[in-house]
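For the record, the sequence lines run as chains A and B.
Going by the UniProt record's numbering, the residue at position 45 of the first sequence is 45; the numbering climbs one at a time, nothing skipped.
Going by the UniProt record's numbering, the residue at position 23 of the second sequence is 23; the numbering climbs one at a time, nothing skipped.
Hints were generated in silico from the structure; no laboratory data involved.
Being a predicted model, the structure only gives us computed values, none of them experimental.
Please note: incorrect hints may appear among the correct ones.
Said to hold, decoys possible - Here are the computed lysine-lysine pairs in the DSBU-like style, where the Cα-Cα straight-line distance is at most 30 Å:
#	chain 1	residue 1	chain 2	residue 2
1	B	Lys10	A	Lys308
2	B	Lys11	A	Lys11
3	A	Lys311	B	Lys161
4	A	Lys50	A	Lys106
What the hints assert, rightly or not - Each pair of labels, with its calculated beta carbon distance range:
#	chain 1	residue 1	chain 2	residue 2	range
5	A	Glu285	B	Pro113	25 to 35 Å
6	B	Leu62	A	Gln101	22 to 32 Å
7	A	Pro262	B	Arg70	55 to 65 Å
Unchecked claim - Residues of chain A clear of chain B, computed beta-carbon distances all greater than 10 Å:
#	residue
8	Thr7
9	Ser41
10	Ala65
11	Leu73
12	Asp77
13	Gln101
14	Pro112
15	Asp128
16	Ser163
17	Glu165
18	Gly190
19	Thr194
20	Val208
21	Glu274
22	Arg278
23	Ala309
Every residue gets a Cβ at the ideal spot worked out from N, C-alpha and C, and that includes glycine.
2 protein chains.
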Amino acid sequence: MTRPAVTAVKKVASIGGGPIGAGWAAHFLARGYDVAGYVHSMAEEATYRKVLDTAWISLTALGLAPGASRERLTLTDNLETAVADAGFVQESAPERLDLKQTLYEKLGRIVPPGVVIASSTSGLMMTDIQALCPTPERTVIGHPFNPPYLLPLVEIIGGGKTSPEAVAWARDFYAHAGKAPLVMKKEIPGFVATRLQEALWREALHMVANGEATPEDIDIALMNGPAPRLAIQGQCMAFHVACGEGGMATNLDQFGPALKLPWTRLAAPELTKELRDRMVDGCNEMAAGRHFEDMAAERDRAIVGVLKAVKAARAGA
Amino acid sequence: MTRPAVTAVKKVASIGGGPIGAGWAAHFLARGYDVAGYVHSMAEEATYRKVLDTAWISLTALGLAPGASRERLTLTDNLETAVADAGFVQESAPERLDLKQTLYEKLGRIVPPGVVIASSTSGLMMTDIQALCPTPERTVIGHPFNPPYLLPLVEIIGGGKTSPEAVAWARDFYAHAGKAPLVMKKEIPGFVATRLQEALWREALHMVANGEATPEDIDIALMNGPAPRLAIQGQCMAFHVACGEGGMATNLDQFGPALKLPWTRLAAPELTKELRDRMVDGCNEMAAGRHFEDMAAERDRAIVGVLKAVKAARAGA
């Protein structure tokens, strides 16, 4: 099956009238696409347009693509109309497997041949969603982070019947459309980002349950501690750069034993040589030869900007 | 024991010549204090001043206090000289209990009466550190986040012999000195922020060990997913605001069962009514009557600024 070139897509269909569906519509409109929004009922239109108007403020501040306009949205309660001529379909229907299976049975028939269909699901597996779909090879997970019109991450993976080439196409398309795509290695529950967030969230709930911290304590700790740094350096590179010349190797070889300390209720994995090397090699690849002092300077510049941005947002600016 | 008023402190002693000690010195200098930096050997001076000069770029960008100057640093290898006339002591010596115990035995004698002594330790308990100190009632943990001259968080807790009033004084002093103090409820390993970060880190190591993600995948997911939002809303308020009118109550009542899903290797706590109510009440207190749409708008403004700041930092601006 031939697909359109990722640069040739003119129209995106966003299926679903909730905040995720409307948020995706806002994103694609801001990137200069025609968007057909499918809603279950036209009674959802006012709410949908409110999400769009709110998103547009931020999208305008970030910079719209040439020709981008909210006027290029067509809202419809007719699924066939929505997907006609679409070069890409983003599905954000409610998180019920039976509903999605039925929907994909239909989408698989009516979406133009070769066009990739991506699901925003955060909790379901594509292998299950595509079970009744007559053209499952072009269906993938394309999971955004809330709010989807602002946070760049999209986690991508196929199901058992998905073509690897469809996964690659989705990655290239999302990148072209201004997103930060992450193709997952395995179909694991929670994907990557939500697993990390859930580990943190569960530890937070444990602390609140044990009277060790209040919800406010949790939030103060995150906002003023790791978060402003995580926006410029993920946890791997944060440790890599903080350890200076020695980088991640020093972190693991020197502080590895600390993994056995009872910091969090999450048991640590065995720090095998293989795991150590994967971490060290991965960080060295990301550093790409840059000196740790340059990366630390970049980090500091970003943190200054992050702190100023948060302060300005709180002041209503 | 009477202490100086937090607003009356003119001089801070920063004990330790590593990046944390020098980073603290930079912070207090930028806030307009005289700082006496104690180093084990004057051979550390060049490295110390390099940390200071690097920090000063960011601190200047954030805005210096009136009269703030690097000239107001006195560097010495004499501990008595460093703490003489100090109104506050921040200790950042190496993380060895025997070393810290011996140090606190001495600090307890030579630091002016009533002056609070705070330890930057990330892994030791004040109950242990203060064991040999003749004046333990004024010793507290004051744990910063790296880099300490930029990230606002300071986690505070006393040991078994610490006066609660010294803890309150430290909280007020850090707040006056431009930090975001968090007084912990219990002396738990890893405190609050590091526990949360460690939960996330261990899940990341598990994923890399299982071939589910590379270090780069982990960092892409964090930087483009939760991080830009966590800088303006901790995880509690992020969920509270994302659930609209229903807030945290909707999150827990509707998605509570998802806690049992195998998202992360960290087992979830039992979602008792007590835990639910603590979470809901805590979020309502933080919201302080603000409408979720206003908080979402504030979040979006901050994320736009965070994304711009990160982009500018990467471009070298």
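Hint check:
A hinted pair counts as satisfied when its Cα atoms are at most 30 Å apart, and Lys10(B) with Lys308(A) qualifies at roughly 27 Å. With a CA separation close to 64 Å, the supplied pair Lys11(B) and Lys11(A) exceeds the 30 Å bound. Straight-line distance between C-alpha atoms of Lys311(A) and Lys161(B) comes to about 38 Å, which puts the hinted pair past the 30 Å bound. The straight-line distance between the Cα atoms of Lys50(A) and Lys106(A) is roughly 29 Å, inside the 30 Å bound, and the hint therefore holds.
The hinted range of 25 to 35 Å is not satisfied by Glu285(A) and Pro113(B), whose Cβ atoms lie roughly 55 Å apart. Distance hint for Leu62(B) and Gln101(A): a CB-CB separation of about 53 Å, inconsistent with the stated range 22 to 32 Å. Checking the proposed 55 to 65 Å range against Pro262(A) and Arg70(B) shows it is violated: the Cβ atoms sit about 41 Å from each other. Every Cβ of chain B is farther than 10 Å from the Cβ of Thr7(A); the closest lies at roughly 22 Å, confirming the non-interface assignment.
Residue-level check passed: Ser41(A) sits 19 Å from the nearest beta carbon of chain B, beyond 10 Å. Every Cβ of chain B is farther than 10 Å from the Cβ of Ala65(A); the closest lies at roughly 16 Å, confirming the non-interface assignment. In this structure Leu73(A) is separated from chain B by more than 10 Å, as the shortest Cβ-Cβ distance comes to about 19 Å. Every Cβ of chain B is farther than 10 Å from the Cβ of Asp77(A); the closest lies at roughly 23 Å, confirming the non-interface assignment.
A cut-off of 10 Å between C-beta atoms confirms that Gln101(A) is not in contact with chain B; the least separation is 19 Å. For Pro112(A), the non-interface assignment is confirmed: its Cβ lies about 30 Å from the closest Cβ of chain B, beyond the 10 Å cut-off. Against the 10 Å criterion, Asp128(A) stays outside the reach of chain B, whose nearest CB is about 14 Å from its own CB. Separation of Ser163(A) from chain B is adequate, the least Cβ-Cβ distance of about 21 Å exceeding the 10 Å criterion.
The claim that Glu165(A) is not at the interface with chain B holds, since no C-beta of that chain comes within 10 Å of its own (minimum 21 Å). Under the 10 Å C-beta cut-off, the non-interface status given to Gly190(A) relative to chain B is violated; the minimum distance is some 3 Å. Interface exclusion of Thr194(A) from chain B breaks down, the closest Cβ pair being 6 Å apart, not more than 10 Å. Under the 10 Å C-beta cut-off, the non-interface status given to Val208(A) relative to chain B is violated; the minimum distance is some 5 Å.
For Glu274(A), the condition that its CB be more than 10 Å from all CB atoms of chain B is violated, with the nearest at approximately 8 Å. Separation of Arg278(A) from chain B is inadequate, the least Cβ-Cβ distance of about 5 Å not exceeding the 10 Å criterion. For Ala309(A), the shortest C-beta to C-beta distance to chain B comes to about 2 Å, within the 10 Å cut-off, and the non-interface label is violated.
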